[in-house]
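For chain W, the structure is supplied; the task is to place chain H on it using the hints.
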Amino acid sequence: MRHQRYGRMFARLDAAGEGALGAFLMLGDPDAETSFALLDAAVAGGADMLEVGIAFSDPVADGPVIQAAAQRALAGGITPRASFELIARLRERHAEVPIGILTYANLVVARGLEDFCAAAARAGADSLLVADVPSLEAARFADAAREAGLDPVLIAAPNTGAAALERIAALGSGYIYCVARAGVTGQRADMALDHDALFDRLRALGAPPPVLGFGISTPAQVRAGLAAGAAGVICGSAIVAAAQAASDPAAAVREFVATLKAATRG
Amino acid sequence: MKQDGRFGAFGGAFVPEILVPAIEQLEAAYLAAIEDPDFLAELDHLLRTYAGRPTALTRCRNIGDERVRLYLKREDLLHGGAHKTNQVIAQALLAKRMGKTRLIAETGAGQHGVATAIAGALFGLKTRIYMGALDAERQALNVFRMQLMGAEVVPVEIGSRTLKDAVNEALRDWTASFADTHYLLGTVAGPHPFPQMVRDFQAVIGREARAQLLEVEGRLPDRVIACVGGGSNAIGIFHEFVPDRAVALVGVEAAGKGLDSGEHGATLQRGRRGILHGAETYLMQDDEGQVGESWSVSAGLDYPAVGPEHAHLMASGRATYVGATDTEAIAAFQRLAREEGIIPALETAHALAEAFKQVAAAQAAGEERVILVNLSGRGDKDMAQAMQLVAGR
Numbered sequence: 003m004r005h006q007r008y009g010r011m012f013a014r015l016d017a018a019g020e021g022a023l024g025a026f027l028m029l030g031d032p033d034a035e036t037s038f039a040l041l042d043a044a045v046a047g048g049a050d051m052l053e054v055g056i057a058f059s060d061p062v063a064d065g066p067v068i069q070a071a072a073q074r075a076l077a078g079g080i081t082p083r084a085s086f087e088l089i090a091r092l093r094e095r096h097a098e099v100p101i102g103i104l105t106y107a108n109l110v111v112a113r114g115l116e117d118f119c120a121a122a123a124r125a126g127a128d129s130l131l132v133a134d135v136p137s138l139e140a141a142r143f144a145d146a147a148r149e150a151g152l153d154p155v156l157i158a159a160p161n162t163g164a165a166a167l168e169r170i171a172a173l174g175s176g177y178i179y180c181v182a183r184a185g186v187t188g189q190r191a192d193m194a195l196d197h198d199a200l201f202d203r204l205r206a207l208g209a210p211p212p213v214l215g216f217g218i219s220t221p222a223q224v225r226a227g228l229a230a231g232a233a234g235v236i237c238g239s240a241i242v243a244a245a246q247a248a249s250d251p252a253a254a255v256r257e258f259v260a261t262l263k264a265a266t267r268g
Numbered sequence: 002m003k004q005d006g007r008f009g010a011f012g013g014a015f016v017p018e019i020l021v022p023a024i025e026q027l028e029a030a031y032l033a034a035i036e037d038p039d040f041l042a043e044l045d046h047l048l049r050t051y052a053g054r055p056t057a058l059t060r061c062r063n064i065g066d067e068r069v070r071l072y073l074k075r076e077d078l079l080h081g082g083a084h085k086t087n088q089v090i091a092q093a094l095l096a097k098r099m100g101k102t103r104l105i106a107e108t109g110a111g112q113h114g115v116a117t118a119i120a121g122a123l124f125g126l127k128t129r130i131y132m133g134a135l136d137a138e139r140q141a142l143n144v145f146r147m148q149l150m151g152a153e154v155v156p157v158e159i160g161s162r163t164l165k166d167a168v169n170e171a172l173r174d175w176t177a178s179f180a181d182t183h184y185l186l187g188t189v190a191g192p193h194p195f196p197q198m199v200r201d202f203q204a205v206i207g208r209e210a211r212a213q214l215l216e217v218e219g220r221l222p223d224r225v226i227a228c229v230g231g232g233s234n235a236i237g238i239f240h241e242f243v244p245d246r247a248v249a250l251v252g253v254e255a256a257g258k259g260l261d262s263g264e265h266g267a268t269l270q271r272g273r274r275g276i277l278h279g280a281e282t283y284l285m286q287d288d289e290g291q292v293g294e295s296w297s298v299s300a301g302l303d304y305p306a307v308g309p310e311h312a313h314l315m316a317s318g319r320a321t322y323v324g325a326t327d328t329e330a331i332a333a334f335q336r337l338a339r340e341e342g343i344i345p346a347l348e349t350a351h352a353l354a355e356a357f358k359q360v361a362a363a364q365a366a367g368e369e370r371v372i373l374v375n376l377s378g379r380g381d382k383d384m385a386q387a388m389q390l391v392a393g394r
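Protein chains in written order, with our numbering: chain W, 3 to 268; chain H, 2 to 394.
Calculated from the structure, these hints are not laboratory results.
Each residue gets a CB set at the ideal place from its N, CA and C atoms; glycine is no exception.
Worth double-checking, as some hints may not be accurate.
Here are a few chain W residues that face chain H, going by a calculated C-beta distance under 10 Å [what the hints assert, rightly or not]:
#	residue
1	A57
2	S59
3	P61
4	D64
5	G65
6	P66
7	A70
8	Q73
9	P82
10	Y106
11	R113
12	D134
13	E139
14	A140
15	Y179
16	G185
Bound-form chain W, shown alone (with noise of 0.2 Å):
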């Protein structure tokens, strides 16, 4: 049974006029303790829904930012097993929450499909995303993940072919991670690619509300995104930055994520 979390979030945010805020931090940097509090301080500080990385030895389609992540994530000890955890405490503390996992397929086959979205979904994560495994190899992961009763969340692009939109579009459920640009995760000031027409095409495919990522790190680039046609906008690099940057790490992503939240507000 999923929960539809993200349904239910996203008629409330549209009532109210107002886009999503997303908010990354990847679990364990640099310790569970440290994580679990940057998270409930984004949260505090009006993140609408959580990403949270499980940190993987090779993340390929991330930037130096959260590569720094989840190497301090997995020097301070984290695994999957305890990414659960604090995945469940943080389910305890947010029942309403939306709570997206974001990682790589080795993590997920080394478990076995099942048993890691069973175990996922008894944390009380809400969807996942397998960053290394496009639309063409999707079908088995996004199988497991709707049979565990999480939302597998696909990722798409505005230089992705008609196929592959069709499949991430019939595939995902939750909401569809669009890219903001080529390349990795991180901080940009551009954001080159093309979106109206890709949130076009997947209206006209019926896909889930799609939200903005990967490069999204000012006010004006959330407003960007929401003016566009974007559900919501996901942020990550920026507060992982904004929190290493900081001598009191949860108030600055705090601070940080009030900043962003507010740019949703019309």
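Frame of chain W; chain H shown alone:
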């Protein structure tokens, strides 16, 4: 994609969605090129007049005897010093056909980086080589060779600072740059179409060797032996022999300090199934799925994954995979130098270690046997290390 890139249960295309258009474009260009007589003629011309094909097939004079005959396919004589040049020239031609102006590549020991730098210079393509910072320190000479040919060498400081991290970094670069950049992957690993494409461009080794051996022996070999890191030289010599069911195919992995020491590169023999660098294959990994570190005296075999077609050849029983330790490889390295006047690459020495065992076993059993080894590279690049290992200097 026109094909699923599967070898039995292995392979596939596990890349971020944003890279899918890049591998689709590459697949289309590759499938068209291998059917295009103009492409094949240009490739053949370059392999003959620039790279030095066909390479010789040498029968060992002093190792083996009249009944047990050991043949070496001399990829060490190829321009660049190893088999790598075969497929690099082919991929660089493809890059030109696709209108790309820039090449990126990963390298471990530096051989593939050197081969890519050669192609970059030859075709006037801007070239960037990603190399683990640890490897760049260990292989300073190869870094200089690449730079001399105009390539930019970027040391990768993240992760274990070795080959797998260089692959990660090249994939990240490609994710942002594929509009004008070709990722010239160096082995039969990675997402589809790389394992199949690199195999097809290396298969010239086995095609030549099979014809050369039939000419001198009038028969097929009993065994074909090659070392396996990522697996491109092994696939290159195996491929033509796969339908010859009576020919045993033997891949030799780096057993490092011993197959049970935990310090080796024997992915097929001691790894578990998983997904890395775009393919479902065997990996060195911990119980949770974090990718482990490999170890070998030869940097070219020091890779925690392996080409997916090898995983399939093993699973289907068509090929067998054994190990040679650092110590066995160094002994074989010295023996070929001393007895045949050929200094092999340390990678190749692993295949030779197994071949010498097979020769001795056949002699002891009094059997007639023809054994073919892919002498995949020459040892010039290993001289500084060999001086330490062999002479203690």
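> Among all the numbered hints in the text so far, which are the ones the structure does not match?
Replying inline: Nothing - there is no hint that the structure violates, so all of them hold.
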